[in-house]
Every structure is written in C-alpha cells, then in structure tokens.
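**Student:** Single-letter residue listing:
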Amino acid sequence: MKYHPITIIGAGVAGLTCAKMLQEYGLDTILLDKGRSVGGRCSTWRTDQGHRLDYGPTFFHGSNPFFLQTLQQLDGTIIDGWPYHIQGSGTPCQVNALQPHMRRIAIKEGISAFPKYLAQGLTIHSQQRITQLSGTLDGVLVTLESGDLFQTQLVVLALPNEQMCALLETIPSPSEDIKAIRYLLSQLVTFPSLTVLATYPKGIPIPEWDLLLPSKSPLQLIANESSKRPEVEGLALVLQAKPAWSAKHLEESPEQWQARLFDAAAPLIGEWVKQPQWSRAHRWRYARTDLANEWGSPILLTLGSGKLLLAGESFSRSIGVEGAFLSGIASAEQIRRMKQ
Amino acid sequence: MNVVRQRLDELIQQDKHHECEGMGTEKICVRMVAVANLPTRFGEFFIVGFWNNRDSKEHIAMVHGDVVDQEHVPLRMHSECLTGDIMGSLRCDCRDQLEVALRTVAHQPCGVVLYLRQEGRGIGLLNKIRAYNLQEQGFDTVEANLALGFKDDERDFAVAAHMIHSLRIRSVKLMTNNPLKVNQLNSYGVKVVERIPLVIPPNDYNRFYLETKAHRSGHWIDLNGYPHLEEQSDPIVVKEENK
Ligand SMILES: Cc1cc2nc3c(=O)[nH]c(=O)nc-3n(C[C@H](O)[C@H](O)[C@H](O)COP(=O)(O)OP(=O)(O)OC[C@H]3O[C@@H](n4cnc5c(N)ncnc54)[C@H](O)[C@@H]3O)c2cc1C
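Chains as they are written, first to last, in the numbering used here: chain X, 313 to 652; chain F, 58 to 300.
This is chain X alone, in the form it adopts within the complex:
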C-alpha cells in the first residue's frame, strides 16, 4: 500500500491546476488518471500525415485575468483571436464564447499543450482507473482497477459530475452528508457530444471560414483545423454534434452516427465531405455543461478520518475550460486554508 497525504483523481485542467497551485504553496500531490495522457477533455489528435485536430474544445475563451495570464505562458504557439472567420447563425458551444468581453485563443501546437504545460514538474500516474473510495480510521483508501491501494488524507475529485457521482456511489456505508451531496449532484448534467475527426487530401476546396456554426442542423459546429495550421497539406476538420442530437444517438454504433454527421455536413460544405482520406469517430459521453449545471464552488466532505474535495468544471462560477481552471484554483486555495 502506498501513502500520499494529498491525492488528486483526474488530471484534466481542474486537477492539474489544483496540483500546480498546491506545488506553489509547497504542498506535494499525486495525480491519478485513467487516461493515457494528461488533459482529459482538452485533447488533440495527431495523424500520420502530420495533421493536428483539437477534438475537445476547439479554442479557449475567457475573461478571468489569471486564466488568460496563465494561457499566455504558451507564448509562441498562441493564435490570438481565433476564430477570425465565423460563418453560420447557430450558437457557439458555450453561449458566451463569442461575446466581445471574451478573449479567444487557439493553440497552434494543439489545445492539449495547455494541460501539458500545467503538468510540468507534477507527479502524475496515468492509466490508473479508480474503482473505489472508502473511509478508514487513518483517512481515505483509494482502490485502483489494478488492485493497487493508496492511503491518503485528502482526495480531490476533479471529474465531470457524472463520473464524480459514480465514484461517490462506491463508498461503503456513506454518511448522510455524502448521500445528500450525491442526491444534489444527480440533478446536474454534463451533455454528450458525438465528434468526428476527418482529413482530406490536397485539392479539396479550402473553406473560407475558421468555424462554421450551422443553425438548423444536428451539427453544433465544424472547425477548420487547417486554418490554425495552414502549413500542413490538405484539410482537417472536426465535426461536433449538438447535445440533444448526441444524446439521442449516443448508443448507436460509431459507423452509424458518423455517416449521419457526414450527411448533415454535406449540404453545408459540399458532397466531398463524405469521402475523407482519414476519419475517426469519438464519443464524448460527458463533454460539456452550461451555467444551469454548475455548482458555485468546490464542496468539502468528510470520509473516514480524511477529507474529500469535489472539484472540476462543474464546481465553479464559470463554465468550460475557464471554469475547470478556476475550480482548480479555488480548491487549492481551500486546501491551503485547511492546512494553515
């Protein structure tokens, strides 16, 4: 059995920000994530032809000075103001993303460069799925899928709301408090998003827009990834379906919904879209949420003789990546105060 005073589950932007801040306060943490790399939903796919496709958030947007300042650390790979050319009358993924007071930033290297930056110097164990939490006389016991056990004093859960609830369900004989919070969180939702990544060879008409927001369509958006990286030959697109449509087709086979999404894209940009050189379907069961599904701050609970701190995108006053970042800041602050 391993021992760590502070264990963070989930190495997305929220968990990484929390760990980074705690490191600055002189508190060591260990991060555990089931994924192969860090960043969670902030992810970029690289193809053999050298294309990069951001298939989670397409660009960062926000107004919090600390968030924007931290993004500036990616100096050199920042595309300030992207998307420049927006077409269509549909709404963006987050309603306020395109409002004038919001700064917009895409990353040439790929959106995943941000979590990678945050992860520098942190202790992270990837491909470690947590399957159970239990309270003990010494603190909290974290059980991994591999059978490994971690004994800890404080667990930060930096997960989408539903995955958080699933872990809270594993707690044997939960207290009234935990049951109460579980009930509460069960009222919040994270919307799914069916996503298709596709590349096309040289010679395809290059779209004039960076971002297409169709209004009457199953598609929420089509991102012209090549407009971020024009030096790579050919065209790379990411198609994201709307939440309600995604929910309806979530259990279909990827071939089925991928074909439907290409069909939906064809009248918008051309029949050629149905014949990609390479494509990949990605099902985000928990993609994004909105302000009606945000809890205003991290929640602190007692488990055994230890503590559980619930953080992540859904636990801040903001939404999306900015919300995840701010919840990381808020949870680190709460831990610092606790340790004083």
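A few of these clues could be false.
[Unchecked claim] So the derived label-pair ranges between C-beta atoms look like this:
1. X/Q587 - F/H74: 56 to 66 Å
2. F/L237 - X/I398: 45 to 55 Å
3. X/G582 - F/E78: 49 to 59 Å
4. F/E156 - X/P317: 43 to 53 Å
5. F/H74 - X/H413: 13 to 23 Å
6. X/R597 - F/P254: 51 to 61 Å
7. F/M144 - X/D602: 22 to 32 Å
8. F/H74 - X/K514: 46 to 56 Å
9. X/E336 - F/S244: 20 to 30 Å
[What the hints assert, rightly or not] Result set (DSS-like, lysine-lysine): computed pairs, CA atoms no more than 27 Å apart in a straight line:
10. F/K73 - F/K114
11. X/K346 - X/K314
12. F/K84 - X/K651
13. X/K619 - X/K332
14. F/K84 - X/K332
15. F/K230 - F/K248
[Claimed, not checked] So these bits of chain F aren't anywhere near chain X, every CB distance computed over 12 Å:
16. E83
17. I117
18. G122
19. F196
Derived from the structure by calculation, the hints contain no laboratory data.
It should be emphasised that the depicted structure is a prediction, and the values quoted were computed from it without experimental measurement.
In this text, a Cβ means the ideal position worked out from N, Cα and C, and glycines have one as well.
With chain X fixed as given, assemble chain F with the ligand onto it according to the hints.
**Tutor:** Then chain F with the ligand, alone, in the frame of chain X:
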C-alpha cells in the same frame, strides 16, 4: 440642487476613469456610475449604482443623508437574497434584516445600506433552490448544509470595502450582530469605530425565532421543520415581546 446630491454627482464624475489594483484575492474594483433620488417606504434615500470589473455585477448603495467625507457613518452590509428580500421567504430572515437596516438608517442623520449582489451564498439562485429541495428530501445534516451554505464572505467584504472607499466614508458604525465582521472590514482598510446590534422587532412571521429556540447543532429549525439558512452571516436578534 441638494448639496448631498451634488457631492455624489462629483464622485461619479471622478470615478469615470477609476481603475485600481482591486481588493481581495479576486482583485475586485468597483466604480460608482449612477445616482438618483429614491424615496422609499422606509425614508428618503439616494440609490447609488456601482459596476464591478470582475463579473459585471451591479451593486447598490442606499445612501441616506450626507456621508461623503463623514466620520461615524452607520452602515449595514446586506447580501442579495431574492427568495427572502423579494419573495418574503420564511426560510431565511433576510427580508426582516433588510427592512430593519433601511428603517434604522433612515432614522439617523445619515447612513448607508450596501446591497451586495451575490445570490445564494455564491452558489447562485438555481443551486439555492436545489439546496432547498435537498432539505425537503430530509437531508438536513450539518456538514451538507455547511458545504451548501459555504458563503464567499471574502468577496462581499472586498466589494463592500471598495464601495465605502468610493463613497469617501472616513469611518463607520457597523450594524451587525457578528463581531467578526468588524475585523474583516478593518482588514480592507475600513475604519470601524463602533458596532451597532441589529435588533428585529417581532412580527407574525419571525415569531418562530422566539418560539423554536431549539438549536440543532447551531442551525435554527424553521416553522416547517427545515434548517434555517443564515444567509447574511449574521446571528438574528429578535426583540422579546413585553408580556
Ligand atoms: C467536444 C467538446 C467540446 C468542448 N467545447 C468547449 C468549448 O468550446 N469551450 C470550453 O470552455 N469548454 C469546452 N469543452 C469543455 C471542456 O473541455 C471542459 O470543461 C474541461 O476540459 C473540463 O476539465 P476538467 O478538468 O473539469 O475535467 P476533464 O478534462 O474531464 O478531466 C477529468 C479527468 O478525470 C479522468 N477520470 C475520470 N474518471 C476517472 C476514474 N474513475 N479514475 C481515474 N481517472 C478518471 C479522466 O480521464 C479525465 O482525464 C468541450 C468539451 C468537449 C468534449
């Protein structure tokens, strides 16, 4: 034109390009942007509108009499509570506290009620409703309520202190039953010379504070058996009726 009004107008002119370091961890800076007469059922006020640079929240100062450059100004901080202040909810005592504050200030030569916009103790209105729903499910254990009731007081104090400085109030007599609030405001450079308790007269609706003196782990239980959220972080003091 009224001299008091003139002074407030001048402050607004001066504040037009105001942009400071900001207060508190969130570096909040507020700007005085508008003023008007507001006669109320409690007395004569000026309503002064402030703009917050962080989250576009519009805060309000209800100003009675001449407070600019004054010492010993009676002042009350009130945190927005839509359900209590406006709907007259009995799950909290906000409406009572707000009314008493406005009435008390209106009976003094001068005074201010700061109305701070942070609905639902920082978790927002929708989550406040969800928290009420939670209580109805019979979950009323202490910690869950604390988790829900976690109030971002720090923010309120930063905004309040800045508003007090913007109004150029030199020192205040703070109306509160919570002595900790005095230190908090002090830490933002506001001189608090005195604490005035806020005593609420009994009425048909708040009688349960007197009748259900049963404290369960520090939480009041209201008429309907729900824990009573202390939205204003201010213990309630109700005047005992003369028998
Ligand atoms: C298609 C799509 C489009 C989006 N568009 C935008 C946008 O335009 N703007 C915007 O701001 N945001 C957008 N978002 C949302 C944004 O990506 C998220 O808000 C943000 O990345 C959330 O960060 P997080 O750290 O809270 O959670 P996550 O990034 O989800 O991190 C949680 C981590 O926990 C890990 N994990 C989960 N369960 C376990 C377990 N049991 N054991 C171990 N590890 C576990 C996961 O592997 C993951 O790495 C979008 C997301 C998607 C998917």
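**Student:** Each of the hints needs a verdict: does it hold here or not?
**Tutor:** Hints, one by one, checked against the model:
no. : hint                        : verdict
1   : X/Q587 - F/H74: 56 to 66 Å  : 58 Å, holds
2   : F/L237 - X/I398: 45 to 55 Å : 50 Å, holds
3   : X/G582 - F/E78: 49 to 59 Å  : 54 Å, holds
4   : F/E156 - X/P317: 43 to 53 Å : 49 Å, holds
5   : F/H74 - X/H413: 13 to 23 Å  : 18 Å, holds
6   : X/R597 - F/P254: 51 to 61 Å : 54 Å, holds
7   : F/M144 - X/D602: 22 to 32 Å : 25 Å, holds
8   : F/H74 - X/K514: 46 to 56 Å  : 53 Å, holds
9   : X/E336 - F/S244: 20 to 30 Å : 23 Å, holds
10  : F/K73 - F/K114              : 17 Å, holds
11  : X/K346 - X/K314             : 18 Å, holds
12  : F/K84 - X/K651              : 24 Å, holds
13  : X/K619 - X/K332             : 20 Å, holds
14  : F/K84 - X/K332              : 21 Å, holds
15  : F/K230 - F/K248             : 9 Å, holds
16  : E83                         : 9 Å, violated
17  : I117                        : 20 Å, holds
18  : G122                        : 36 Å, holds
19  : F196                        : 4 Å, violated
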